Structures are given as structure tokens and as C-alpha cells.
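Engineer: Going by our numbering, the sequence shown opens with residue 4, and the numbers climb by one from there.
Hint data in this document are derived by calculation from the structure and do not stem from the laboratory. Since the model is a prediction, treat every value here as computed from it, not as a measurement. Incorrect hints may have been included.
Stated by the list, open to error - Straight-line Cα separation of at most 25 Å, SDA-like style, residue types lysine to any residue; simulated pairs:
| no. | residue 1 | residue 2 |
| --- | --- | --- |
| 1 | Lys30 | Ile59 |
| 2 | Lys95 | Val26 |
| 3 | Lys30 | Asn75 |
| 4 | Lys104 | Ala52 |
| 5 | Lys79 | Val94 |
| 6 | Lys46 | Asn75 |
| 7 | Lys20 | Glu99 |
| 8 | Lys46 | Glu69 |
| 9 | Lys95 | Cys53 |
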Amino acid sequence: SHKEVMGAVAKAVIDGKANLIEVPIVKNASIPHRIDSRLGAAKIMLRPACDGTGVIAGAATRVVLECAGVQNCFAKQLGTDNPLSNARATVKALSELRTLKEVSETREIPLSELFQ
Numbered sequence: 004s005h006k007e008v009m010g011a012v013a014k015a016v017i018d019g020k021a022n023l024i025e026v027p028i029v030k031n032a033s034i035p036h037r038i039d040s041r042l043g044a045a046k047i048m049l050r051p052a053c054d055g056t057g058v059i060a061g062a063a064t065r066v067v068l069e070c071a072g073v074q075n076c077f078a079k080q081l082g083t084d085n086p087l088s089n090a091r092a093t094v095k096a097l098s099e100l101r102t103l104k105e106v107s108e109t110r111e112i113p114l115s116e117l118f119q
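Based on the provided sequences and hints, a complete structural model is requested.
Structural biologist: Dropping the structure here:
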């Protein structure tokens, strides 16, 4: 009972540390670009928002975004009402975000050419 709970918490902490992701956040504490992500039946749409907007999202998505440090974002949960599925789909969407620098490096072109 008590020992089982402590063991489960310890395993969850180890698993969490092993699966950390890096979330790119732009200067207005938002995400760099819009993204749609799907995981199972859950579909998540994330859109950047201007400064002062706050996190406008459903419960599970809001918790994940706030834990990631995102302060301004629009989000929509589609497909399922299952909070765990929506949270996992949000984590997947955040892991797929890329900065302009990352895009220019993968395309092997200078950053200035992306805007032409």
C-alpha cells in the first residue's frame, strides 16, 4: 500500500527524467508556429498567441502547456475527451515544434534565405 505508492512515484520520476523534451519558446512566451498533432484518437491543434493572451486550452492541454513554460497559446482538443490521450498528444505536438534556426540547418540554407 504505502510502499507500493512510493515505489510507483519513484519509477514515475525516473521515467519522467528519461523522457524530457525541449520546447522552443519565442520571445512572447509562446510557441514558434502552428502545429496539428494526432496520437490515437486525440487530435490537438496549437497556435501561437500574442503577449497577454494567456493559455486558452482544455484542462489536460492547459496543464501540459503551463508545465512546459508556455504562457500565451491557443489550443483545441479534437477527437476524444480522454484527458490522458489529450495530454500525450500535446506532448507529442510540443516535441515536433521547430525554430527557424533548426529549419535552416536541416534545409542547409542560411537563415536569411528562409524569408525570401
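Engineer: Hints broken by the structure, by number, lowest first?
Structural biologist: As far as the earlier hints go, not one is violated by this structure.
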